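Number of protein chains: 2
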Amino acid sequence: MSYRVPVEDIRFALKQLADLDGVLALPGFEEFSPDLIDAVLEENARFVEQEIAPLNQSGDTQPPQWKDGHVTASPGFKAAFEAFAAGGWQGLQHDPELGGQGLPKLIGAVTSENINAASLAFSLCPLLTDGVIEALTLVGSDEQKERYLPALMEGRWTGTMNLTEPQAGSDLAQVKARAVPQDDGSYRVYGQKIFITYGEHDMAENIVHLVLARTPDAPAGVKGISLFIVPKFLAKQDGSLGERNDVWCASLEHKLGIHASPTAVLLFGADKGEVGEGAIGYLVGQENRGLEYMFIMMNAARYAVGIQGIAVAERALQQATAYAHDRVQGAALDSDSRAAVSIAHHPDVQRMLLQMRGLTEGARALAYYAASAADKARHHPDEQQRKHYKTLYEFLVPVIKGFGTEMSQEVTYLGMQVHGGMGFIEETGAAQHYRDARILTIYEGTTAIQANDFIGRKILRDGGQQAQALGALVQETVEQLITQAKAGGKHARALELIAQRLEAGIEAVKLSATFTLTQAQHAFSPVFLGSVPFLLLTGNVLSGWQLARAALVAAVALEQGDDEFLQRKLATAVFYASHILPRADALALAVADGELLAPYTTAENVK
Amino acid sequence: MSYRVPVEDIRFALKQLADLDGVLALPGFEEFSPDLIDAVLEENARFVEQEIAPLNQSGDTQPPQWKDGHVTASPGFKAAFEAFAAGGWQGLQHDPELGGQGLPKLIGAVTSENINAASLAFSLCPLLTDGVIEALTLVGSDEQKERYLPALMEGRWTGTMNLTEPQAGSDLAQVKARAVPQDDGSYRVYGQKIFITYGEHDMAENIVHLVLARTPDAPAGVKGISLFIVPKFLAKQDGSLGERNDVWCASLEHKLGIHASPTAVLLFGADKGEVGEGAIGYLVGQENRGLEYMFIMMNAARYAVGIQGIAVAERALQQATAYAHDRVQGAALDSDSRAAVSIAHHPDVQRMLLQMRGLTEGARALAYYAASAADKARHHPDEQQRKHYKTLYEFLVPVIKGFGTEMSQEVTYLGMQVHGGMGFIEETGAAQHYRDARILTIYEGTTAIQANDFIGRKILRDGGQQAQALGALVQETVEQLITQAKAGGKHARALELIAQRLEAGIEAVKLSATFTLTQAQHAFSPVFLGSVPFLLLTGNVLSGWQLARAALVAAVALEQGDDEFLQRKLATAVFYASHILPRADALALAVADGELLAPYTTAENVK
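The listed protein sequences correspond, in order, to chains A and B.
Here this note's numbering is used: the first residue of the first sequence is 604, the next is one more, and so on.
Here this note's numbering is used: the first residue of the second sequence is 604, the next is one more, and so on.
One chain only, chain A, in its complex shape (with noise of 0.2 Å):
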């Protein structure tokens, strides 16, 4: 089926949730009215139903082509980048100065959310192409940012990240790949990169890899990695193309999913002769610093890996949805009536869509939270406020790639499960969606990378202020969804519910900070044994508490009139509190028994 962006959805978040007119307020976005920011977003719904939705499907059964080290897209993607190049959505949220549109990251989001729906497969491309416009933004030198930006904004270039290599993925302190110094101060790389998204394709004109390599007198480990540009084609001066670079594909994989997507081995310096004596590349920032610089990549690519997981999950539930709506199979419970009705009648389809919807909608309005605060952390007028809310950001990036990520394989499960035998069937479409979101939990650091990066840097590092901070303002939430209970009406209960669930899902988060802030003095396996359960209680609990708050402006709606957008936010939160935010509860416990457990889970205990 066709995919359709949740026009209504995306608003009421934006607006009731993520504060964008707030974020419109900020200075340097008062050109963007909210005329023109809905003209966007309209115009970007417009594209990706039309000219990259009907991608997906097609993209899945015939992937790019490689032959003699040359990568053939999948048809139809070629035409479909110059489309999205053409549009300008490349540079829609980067620096204006350096050619971009400087849109909020809020509005980024969306059409991030929105373009991966349509295709995760082909929205990997912008995606990298991002991460390398943002490193250079912060990092590069004046001359790199002339000579790159321009291209990878209008999309004439596009960008990849070379981290991986067979013996160093989650470890780069493993990285081998060799940069040796030139005398005209470039550098030549040599080495293999493996698991390349977007490594070689003939979607533009060139490709810019950023790649992480040591010098010759780097010291060992993660302190001794460099960060370089190494262009498929050199770049000249005026900003056309020069001389083939000696680097090269190998293959492509064969994977479960995301099939549209070449993923490339790479080798540098493979000396083929072109060139040949190793790639070309140029040291981007300083020596050694390479990893640090990498990981304003890295955080600008997991933010969007966590709006992927949200993408894929929006598109596997719109699909469900008009399955169950349409598939007549089975009387109705609690009915005179032995005619068959349309399964969505049935109260376990209700459960699997509302546990799908609520995941997603959860998930969604945490991120675009996320995103308000990012912008805000780059344009609020106050010092201290760019600060709180940076780190505001920071602390959700972890956390909204870890759950929005996770959530994703439960959704396109469940997006399975409600088709029945029709989802195991491939063209039926529904299985696409879980094998392609089952990257989504790997790449860009897995799930416990997150949770390392969660606990270390979040939690661990500023002794749970942060966490203590956020949890104070769902209390608020809580607060005010008791007081609206207690005013009556005709959602009380509902409102109570939600109000003890998420007090509980605070209490969850508090036993785990505890247990982590304590237990850390002694040892740190029986903390990290919680570590992924710490951070998914932690995505589980804020999603709940903006679907909470969700629920406090359509119950309060509610009470003037009906509404059937309204009674659907309500019906999402409450069974979001019902059977989602419990877990939380059950992932603390765990978390807790930490020390307990830890003499218990050892090397020898998994064999």
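Keep in mind the hints are simulated off the structure, nothing from the lab.
Values in this document were obtained by computation on a predicted structure and should not be read as measured data.
Where a beta carbon is used, it is the ideal one built from N, C-alpha and C, also for glycine.
Treat the hints with care, as some may be off.
Simulated pairs of lysine-lysine, BS3-like, Cα-Cα distance not exceeding 30 Å [to be verified]:
1) B:K1113 x A:K1113
2) B:K779 x B:K748
3) A:K670 x A:K681
4) B:K1113 x B:K990
5) A:K1093 x B:K1210
6) A:K990 x A:K826
7) B:K993 x B:K1093
8) A:K618 x A:K1089
9) B:K670 x B:K779
10) B:K990 x B:K826
11) B:K618 x A:K1210
12) B:K618 x B:K670
13) A:K618 x B:K993
14) A:K1210 x B:K779
Derived, one-sided and incomplete: chain B residues facing chain A with beta-carbon distance under 7 Å [stated by the list, open to error]:
15) D774
16) A853
17) L936
18) D939
19) A947
20) P950
21) D951
22) Q953
23) E1029
24) A1123
25) A1174
26) A1193
27) E1198
28) L1200
29) V1209
Given the coordinates of chain A, work out where chain B should sit on it, guided by the hints.
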């Protein structure tokens, strides 16, 4: 990697948890000495490891080929099935008076797990054949038994179940296939059946289709469905093959997983000219009781699909475990050394492996426990006891199917996650287990259908008596754990934790049962909104119970001296109690919220 039957784990579960000795002491099993059983299990392990397991990956990439109605099995499958037949495996647990070997179902559960772990796709052929044998044994006429059972048990012929039609999936009331009586007592069958596993292939000389169809004057709905034998080739009195029947394979499905298993669209009475005028069929049992008979097959098949979940989970666990001990990445936590270690040393990898192991071993022990009950239901000398065990077994079937298959999704998911990026590459093989497992919660009745059976027939019908009886047994284990913990010893805290979480699990079941029994007096929708959560939390608690029993055995023995195997059993149990059992509480809250939720979970609110 190759698959190894987990012989030591299986023996432990058989002897310590599933009362193998008690089963072997039953009348009818006198000839099966422990030594003979050991020999059977050893030969089975050798057979599946050497002859079936190597076909799993090749079958995935080389699915059966359809041409002009003929289906050629994946390379090697025909020879493997001949070896399977020659080994006498098909008749293993069937009636010796009808050509089977009459081994306990408990042993059949083990051999079924092993062969399914070796290849789910291969094993579906014997699995369905088992169902046909079971149905004909119980409701076939003497003449039908003589004509079909020997060939089926010898593996010369295979069997299928034909229920689904395009408009009739979970809702069999909508079956339209027709059966027209003929003067000679046979019928002519017309209609289209879909999703027919091994509906056509060249691995055996004949296929016995069991088909649901309506006779001309049959009442509407499920009470007008009859069961027919429709052989691919008509069977002569002497067992030799007669004419080709008018049943044809129109196409095979293109599926997410179990690629090597041909899923056929079958046309009955398509009149291809060879026989024409309808497929010749023979009524099984009485007219209009087809659904009841089909449930005999379905119950056997549902149990077997639960075993499939355990099997694919075990295979994924083995592969992930091997990878985790092989892959070197990152330094150990809480260590002075910065040298990279195998990822099996990292807490989150240990968490994933123990989560996989706990789910797999818990479900395995529960399935064996049920098989043991099935053997006692058939062979116990005391009628009251037979009745008691029959009720117990039937209570457990939907739990084993529902929980055993749902947990296999989590286990195969984690199996990929342990592999990181390599997991997403098809050649690694971890993704195949994930894809293959995905059908298990769908076929032979989705998890929702299992939950309907569980709530309707296993909880409401007897007013929760069987659930209560099981609860009392679990409570006994809790008391034993507490007693053992109070005695002190090295593992007192671990046993205490298990007792505490298991007791909370019992409370979760009680809360769910009380809500269900009370609420069902008023309306069903609020109950069935929580039917799947209730089913899954029951499976979770009962699996945790089995692991707790294992922990008791291990803890007592470990006081006498170290033992790596028993140490692992204890570790698995305490981990499960911490990380998995508490989910039961969360699910019970959701179940008990049904009444509050029902007004919000409507077809309109899931649009």
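To see whether the hints hold, each was checked on the structure:
| no. | hint | result |
| --- | --- | --- |
| 1 | B:K1113 x A:K1113 | holds, 29 Å |
| 2 | B:K779 x B:K748 | holds, 27 Å |
| 3 | A:K670 x A:K681 | holds, 17 Å |
| 4 | B:K1113 x B:K990 | holds, 24 Å |
| 5 | A:K1093 x B:K1210 | holds, 22 Å |
| 6 | A:K990 x A:K826 | holds, 27 Å |
| 7 | B:K993 x B:K1093 | violated, 40 Å |
| 8 | A:K618 x A:K1089 | holds, 26 Å |
| 9 | B:K670 x B:K779 | holds, 27 Å |
| 10 | B:K990 x B:K826 | holds, 27 Å |
| 11 | B:K618 x A:K1210 | holds, 22 Å |
| 12 | B:K618 x B:K670 | violated, 49 Å |
| 13 | A:K618 x B:K993 | violated, 59 Å |
| 14 | A:K1210 x B:K779 | violated, 53 Å |
| 15 | D774 | holds, 4 Å |
| 16 | A853 | violated, 15 Å |
| 17 | L936 | holds, 4 Å |
| 18 | D939 | violated, 13 Å |
| 19 | A947 | holds, 4 Å |
| 20 | P950 | holds, 4 Å |
| 21 | D951 | holds, 4 Å |
| 22 | Q953 | holds, 4 Å |
| 23 | E1029 | holds, 5 Å |
| 24 | A1123 | violated, 11 Å |
| 25 | A1174 | holds, 4 Å |
| 26 | A1193 | holds, 4 Å |
| 27 | E1198 | violated, 10 Å |
| 28 | L1200 | holds, 6 Å |
| 29 | V1209 | holds, 4 Å |
The earlier numbered hints that this structure contradicts are 7, 12, 13, 14, 16, 18, 24, 27.
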